[in-house]
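Once you've looked at the hints, go ahead and assemble the two chains, each given alone in its own frame, into the complex.
These are the residues of each chain, in order.
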Amino acid sequence: MKIISDISIEKVREMLEEVTDPEVPVLTINDLGIVRDITLDGDRVEVTITPTYSGCPALDMIAANIRMTLLSYGFADVKVSNAISPAWTTDWMSEKGKQKLKEFGIAPPNAKPQFCNTNYFTENEAVQCPHCDSWNTRRISEFGSTACKALYQCKDCQEPFDYFKCH
Amino acid sequence: MHNTNLEPAILTEYLLHLADDALILGHRNSEWCGHGPVLEQDIALTNIALDLIGQGRNFYQYAASTANQSGLRILQTVEEKEINEDSLAYLRDTREFRNCLLVEQTNGDWAKTIMRQFLFSSFQYLLYSKLQESRDSVIAGISAKALKEVTYHMRWSGEWVIRLGDGTEESRHRIMQAITELWTYTGELFAPTDYEKSAADAGIGANLPSLKTEWDKRVAEVFHEAILPHPGGTGEGGLTADPWMQSGGKSGLHSEHLGFILTELQFMQRAYPACEW
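Line by line, the protein sequences are chains A and B.
The number in this note's numbering is simply the position in the first sequence, starting from 1, with 20 added.
The number in this note's numbering is simply the position in the second sequence, starting from 1, with 147 added.
Honestly, the hints are just simulated from the structure, not real lab data.
Some hints here could point you the wrong way.
What the hints assert, rightly or not - In the EDC-like style, the derived pairs of lysine to aspartate or glutamate whose C-alpha atoms are separated by at most 16 Å in a straight line are:
{"id": "1", "chain 1": "B", "residue 1": "Lys295", "chain 2": "A", "residue 2": "Glu162"}
{"id": "2", "chain 1": "A", "residue 1": "Lys120", "chain 2": "A", "residue 2": "Asp153"}
{"id": "3", "chain 1": "B", "residue 1": "Lys295", "chain 2": "A", "residue 2": "Asp111"}
{"id": "4", "chain 1": "A", "residue 1": "Lys99", "chain 2": "A", "residue 2": "Asp63"}
As the list claims (entries may be wrong) - Part of the chain B face toward chain A, derived, beta carbon under 7 Å:
{"id": "5", "residue": "Ala191"}
{"id": "6", "residue": "Gly288"}
{"id": "7", "residue": "Leu358"}
Unchecked claim - Partial chain B-side listing against chain A, Cβ under 8 Å, derived:
{"id": "8", "residue": "Ile190"}
{"id": "9", "residue": "Gln202"}
{"id": "10", "residue": "Asn205"}
{"id": "11", "residue": "Thr298"}
{"id": "12", "residue": "Ile309"}
{"id": "13", "residue": "Val369"}
{"id": "14", "residue": "Ala421"}
Even for Gly, the Cβ is constructed at its ideal location relative to N, Cα and C.
The shape of chain B in the complex, shown without the other chains (with noise of 0.2 Å):
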């Protein structure tokens, strides 16, 4: 049932991907948790995470079935073990991680964690409506069931753009400065790595540069809506038509920000090894 053109090793290398993106956005937003402006709002972006989570697990598990059916070794730090969902998140360290930039930047205000949210849920509404066809039978179930969560993300997000936008003058301050500061990560998500090629050309990944122009049309309505000026335009506001995108971590390069991650995310098991409760 699965499909066996593609190396197994690059499989892996675009399923930790998928994984990482969804795992460290949840781990982000649930950063969240206890601390939000209002209780509904808390609850919303912790349910985001959970999602997010759980889709990364699923990921996982078939990135760790389909390494440990291979013999990949692809884990530095363990021994003769079999890999699983847990020393996937658990037991790598930076440069291993392939997750975008634009997933692990801080939350800072609630403005910028709704723009990261808003710009990423965009980006994987397309992802896994091109995913839930893979030819990967695997990858097409997990798409297809987290594409209906993902639907949710979008139009949370992006209705609250519309509300910080078109609000207060401070809300519009705050979530324009959050543009300013994100945009720049927003290139690498269309921008291939060798493996999601290879993924890509197995009709197993998507092809994303050609998801590119749906997601400009989306994100234009969406600041249209709001009175936003859109950064990738020259008018007023806009910072240059051709703005210098950011990119590596889709490579393992990653800002500074991901080791702080791991370090709260991985602390049980790096000190205590193997621990379980």
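Excised from the complex, chain A in its bound form (with noise of 0.2 Å):
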């Protein structure tokens, strides 16, 4: 039995790395930037999460997952709770996230500038194909196969592809 002793809140994060997003699979929770806060006590952990969408069917799973990581590590007593407030956004993506996104063929989100308004038929959102570069995109629907993407096309390639839309 491998026991937890002198550990860093840095090697936590480390150990959360093997938990991903089980919707895109690609991801670890780090890179999505749902991991809020890490506070050790001795051979105990809490960790606290945030839901990228209210709804979101995946964030119970996740929390079992980083239960069962942690604990295989040697943590005696290891506790996921949520955090709401304040509201996860695509801003807390990490760089390494985004690239990876793309490499998976799912256009990672842009910039927090372009976040969705309220007005009705505006210029769709310029959105680069993951596959070919174009800029000449097009937005089949706002919703996807999950909560947090939108359907694209490119009108280059023809190629359908999801967009992780700015949130």
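Okay, structure coming up:
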């Protein structure tokens, strides 16, 4: 039985690199920016995470995976808590995460200034095709395969793709 | 961190109202799953359902912790047990639900579902904009998060209203029919119950009548773009200047539709109490 001792918060954060988003498995929870806080107390640890969307169905599974991972490193007690405020934003996604998304075939979120406004039929956000890098793309639907994505199509290479929408 | 200016019983009732609105509309939208006119729009509506049910969960969790901490017995059907988000959703009967009448109306055709979503999202957008500044930090946090989601709901449904109104003769006929069927339930959104008045007075809830002008303006803009007559107006196709408005849902007096929703929503927990899977 491994016993954990003298461990740093940075080390715990490294361990959490093993926990991925079940809906976008190429991203770790660190890449997503949903790990809000880590507190250590001897061989006990508390990890605070934040949901991407209010109804994110992956959150319970992510919490379970955090527990399993940290217990396997020898922590005696792992608590995962949930903090809603301040609300998660795609600004918290790491640059490494955005690069990984693109390689996976999902267009990464644009920077905040293009955040969804309330105007109807405004110009589609300019989104770059993750396959051929063309900016000549169109939005097919505001909502994609999961809450955090929209559906796009490239007008040059014709490939449809998911866009991890700004939030 | 929580606000204590409001009696726990009133705060809990207000939270249940916010949660029930979100859950019931989310459930209605979920009925479309697998039946949408095209795959993309089926998925869109299911995503909106998921957002709403998530918002409902957040308010139920807060309602449950408020009720448990103050020893409130708000569930008639449960004995000496701690209540939680599930028991609030699954074990209350129609009279105990505090959602408005608009959200429980039947899906009808695509136009009616779109119109219901647009009228409600336009309201919810303004409501959450106010609630994110609530003196109750939990309500403020849940609302700030939900506001981002509702922005998408409002834009998506508003674009559909414009598409249908300014579309074909058939789509126009249907969206006008939807307005006729649903408009009578919009008055309740801005008519505060006692618990909403108390919440607003305490700086925890929103002052509903103050949201009406902005809501009217936003709805009128979209109707204008969609070339639809505004039912509040007296022009051609308008109903009357001051149409009769139905209310009662927020006080527990519902249309017959809610009973059917709960029958499906609560079936498992009613037939097999406390079952888990």
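For the hint on B:Leu358, just tell me whether its beta-carbon gets within less than 7 Å of chain A. The hint is violated - B:Leu358 has no Cβ within 7 Å of chain A, the shortest such distance being about 15 Å.
Have a go at the B:Ala421 hint: is there a Cβ in chain A nearer than 8 Å to its own Cβ? With Cβ-Cβ at 19 Å, over 8 Å, it is violated.
For A:Lys99 and A:Asp63, compute the direct alpha-carbon distance and say whether it is at most 16 Å. The given pair, whose Cα atoms are some 12 Å apart, holds under the 16 Å limit.
Given B:Gln202 as an interface hint, is the shortest Cβ-Cβ distance to chain A below 8 Å? holds, 5 Å
Holds or violated: is the Cβ of B:Asn205 closer than 8 Å to a Cβ in chain A? holds, 6 Å
Is the hint on B:Thr298 kept, meaning its closest Cβ partner in chain A is under 8 Å away? holds, 6 Å
Does A:Asp111 lie within 16 Å of B:Lys295 when you go C-alpha to C-alpha? Cα-Cα ~14 Å, so holds.
With 7 Å as the cut and Cβ atoms as the points, is B:Ala191 at the interface with chain A? This interface hint holds because 4 Å falls under the 7 Å limit.
Assess, step by step, whether the Cα of A:Lys120 is no farther than 16 Å from the Cα of A:Asp153, and give holds or violated. The hint holds at about 15 Å.
Minimum Cβ distance from B:Ile309 to chain A below 8 Å? holds, 6 Å
At a threshold of 7 Å, is the proposed contact between B:Gly288 and chain A supported by beta-carbon distances? holds, 3 Å
Does B:Ile190 pass the interface check with chain A, least Cβ-Cβ distance below 8 Å? Holds: closest Cβ of chain A sits about 6 Å from B:Ile190, inside 8 Å.
Hints 7, 14, counting from the list given before, are not met by this structure.
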